[in-house]
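Given next are the chains, with one letter for each unit.
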Amino acid sequence: MGSLAEPLPITAPDPMQPTPYRVVATHPESADVTTLSLVPVDAALPVALPGQFMTVWVFGVGEIPISVSRMGVAGEVLLTVRTVGRTSAAMVGSAVGDVMGLRGPFGTAWPVAAAAGRDIVVMAGGLGIAPLRMAIDALVAAQAGQVTVILGTREPAQLLFGADLDRWRAAGASVHVTVDAADRTWNGAVGTATAMLQRLGVHHDMAFVCGPEMMMTSGARAVIALGAQPHDVWVSLERNMHCGIGHCGRCQLGPHLLCRDGAVVRWDTVDELLEVRGR
Amino acid sequence: MNEIRDALASHPFFSGLDERGLATLAAFTFVRDVPAGEWIARTGAHADVFHAVVHGRAGIEIHAADREPLVVATVHTGEVIGWSWFMEPHRWHFDVIALDAMRMLDLDAAQLRAACAADHELGFHVADQLTRVLAARLEATRHQLVDIYGIAR
Ligand SMILES: Cc1cc2nc3c(=O)[nH]c(=O)nc-3n(C[C@H](O)[C@H](O)[C@H](O)COP(=O)(O)OP(=O)(O)OC[C@H]3O[C@@H](n4cnc5c(N)ncnc54)[C@H](O)[C@@H]3O)c2cc1C
Ligand code: FES
Chain B
10 MGSLAEPLPI
20 TAPDPMQPTP
30 YRVVATHPES
40 ADVTTLSLVP
50 VDAALPVALP
60 GQFMTVWVFG
70 VGEIPISVSR
80 MGVAGEVLLT
90 VRTVGRTSAA
100 MVGSAVGDVM
110 GLRGPFGTAW
120 PVAAAAGRDI
130 VVMAGGLGIA
140 PLRMAIDALV
150 AAQAGQVTVI
160 LGTREPAQLL
170 FGADLDRWRA
180 AGASVHVTVD
190 AADRTWNGAV
200 GTATAMLQRL
210 GVHHDMAFVC
220 GPEMMMTSGA
230 RAVIALGAQP
240 HDVWVSLERN
250 MHCGIGHCGR
260 CQLGPHLLCR
270 DGAVVRWDTV
280 DELLEVRGR
Chain P
778 MNEIRDALAS
788 HPFFSGLDER
798 GLATLAAFTF
808 VRDVPAGEWI
818 ARTGAHADVF
828 HAVVHGRAGI
838 EIHAADREPL
848 VVATVHTGEV
858 IGWSWFMEPH
868 RWHFDVIALD
878 AMRMLDLDAA
888 QLRAACAADH
898 ELGFHVADQL
908 TRVLAARLEA
918 TRHQLVDIYG
928 IAR
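Residue numbers (our numbering), protein chains in the order written: chain B, 10 to 288; chain P, 778 to 930.
So here's chain B without its partners, still in its complex pose (with noise of 0.2 Å):
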C-alpha cells in the first residue's frame, strides 16, 4: 500500500524546537470546550492549512497535539480544547498572557481543491468539527459546488460553533445538526451523523468525516453505500503522538505514520486497517 495522502513539506525551520506563543483571547464554547487564540511571541510559525495540527507544550505539564481550529490575522492560532486529562485541562484552564509553546503545523490536510464544483458532505461528530472548520470556511467561501455540513453531537448544550453554522448557512451551506439525545425543547433531530445522512438519502461526489473513530467508519460507510466512491472519502484519524514528525513511531497504524501521512487520509486506505482491533 503507497502512502496515506501526499505528506506535506514540514515548514517549520526547526520542527522540534517549540516557538513561544501568548494566550490572548478564551472562548468558552461549553463546559469542558474552550477555543485559546493564540499569537506568536516573536516570530511565528507557518500558517497551517485546514486539517494541520499543532503540539502545545503547556510547560511544566506536558506537550499534546491539537488541531488547529482557524488562522486569524498576524499568525493568531486558534485551538479548540476539550479536557481529558492534565495536559487539556492546564490549557482549558490558561488565562489571558500564558505563554505556550508551539510545534507545527504537521500533518495532511483535508483536500479542499479537489472539491471544487462537486457535490460534497462533511460530516463532522462532537470535536470533530474542530478540524474540519477551516475546510468549511474554504469550502463554502468557494462556492464552487454544493456544501452539506452534518454535525453530531452529544447534547444541544454541547454544540459548538454556532455562530459558524448559521454564517454557512446563509453562504449556502446546507447545515444539519442532530443529537445524541436531548429534552423536548431541542427543536431539531434526535440520531446520529450517518441517520441523518441516510435521511437527506441523496449522492455525494466526495466527503470529509472527522469525529471519533466508531461514527467515522460507520459515516464514511453509509457515504459509500449512497454512492461515493471510497477514494473521495476522506477521515482524520488520531493517534497518541510525540514527535509529530515521522520520528519517534508513536502514531503507528499498520505500515504508516498518521503524524506525517495523516492525519487526514484516504478512506479506502485505512478501512481494513481500523477492523483489525487494537491498531
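Keep in mind that the hints were calculated from the coordinates and are not lab data.
Being a predicted model, the structure only gives us computed values, none of them experimental.
Check before you lean on any hint, since a few could be wrong.
Stated by the list, open to error - Among the chain B residues that face chain P by a calculated CB cut under 7 Å, a handful are:
no., residue
1, ALA190
2, VAL199
3, GLY200
4, ALA204
As the list claims (entries may be wrong) - Below, a sample of chain P positions facing chain B; criterion: calculated Cβ distance under 8 Å:
no., residue
5, THR851
6, GLU916
7, ALA917
To be verified - Stretch-level coverage of chain B by chain P, calculated; a stretch enters the list once three of its residues show a Cβ under 8 Å from a Cβ in chain P:
no., stretch
8, 19 to 29
9, 191 to 197
All C-beta atoms, glycine included, are put in the ideal place defined by N, C-alpha and C.
Once you have looked at the hints, place chain P with the ligands on chain B.
This is chain P with the ligands only, laid out in the frame that chain B set:
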C-alpha cells in the same frame, strides 16, 4: 381510497410495492393529523397501529423516575414509528410524542400482520423494511451506549 393508495405509494417504506399490495394496505389505512404535544404511543400500551410519518417530527422518549423525559431518537417525514406492532407481545417499548404538528398514515396492525401472513411478497417487503429500521436503531443505540462523543473527539 385512491388518495390513500397514492399516499402509501409515495411513502418510502411502501415504495416498490405492487398495485395488489398497495390496494390491500389501503383497505385498512387511515390518514391522521396529530397536533404537536399529543401522545402517539405510551410504554406498555397495545401496539395496535403502525404509523408511517407523512410529515412532521415525533420524539421517541424514555423516562426515568428522577429526571425529565429524554428524547433518544426523532422520527421524521418519510420514516416509520417502531416495530412493536409487528412482534409479540405487540406492546410499545417507548413513549412517542408528536414534537411538531404531524400527518401520519395509520395502518391497523392486526390486519397488516394478517395481510403479511397471507401474502408473503407483501410480508417480505414489510419485514425487509422493518429490518432496516431495526438495524439503524441498533447502530444508534450502540453509539449512544459507548457515548462516542464523550472523550476527546
Ligand atoms: C492529530 C490530533 C489532533 C487532535 N486535535 C485535538 C483538538 O483539536 N482538540 C482536542 O481537544 N483534542 C485534540 N486531540 C486529542 C488530544 O491530543 C488529547 O485529548 C490529549 O493528548 C490528551 O492529553 P492529556 O494530557 O490532557 O490527557 P492524558 O493524561 O494524556 O489522557 C487522559 C485520558 O484520556 C485518554 N486519551 C488521551 N488522548 C485521547 C484521545 N485522542 N482519544 C481518546 N482518549 C484519549 C487517555 O488514554 C487517558 O485515559 C488531537 C489528537 C491528535 C492525535
Ligand atoms: S508522532 Fe512520532 S512518528 Fe508520529
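### Query
Honestly, which of those hints from before does the structure not fit?
Result: hint 8 breaks, nothing else.
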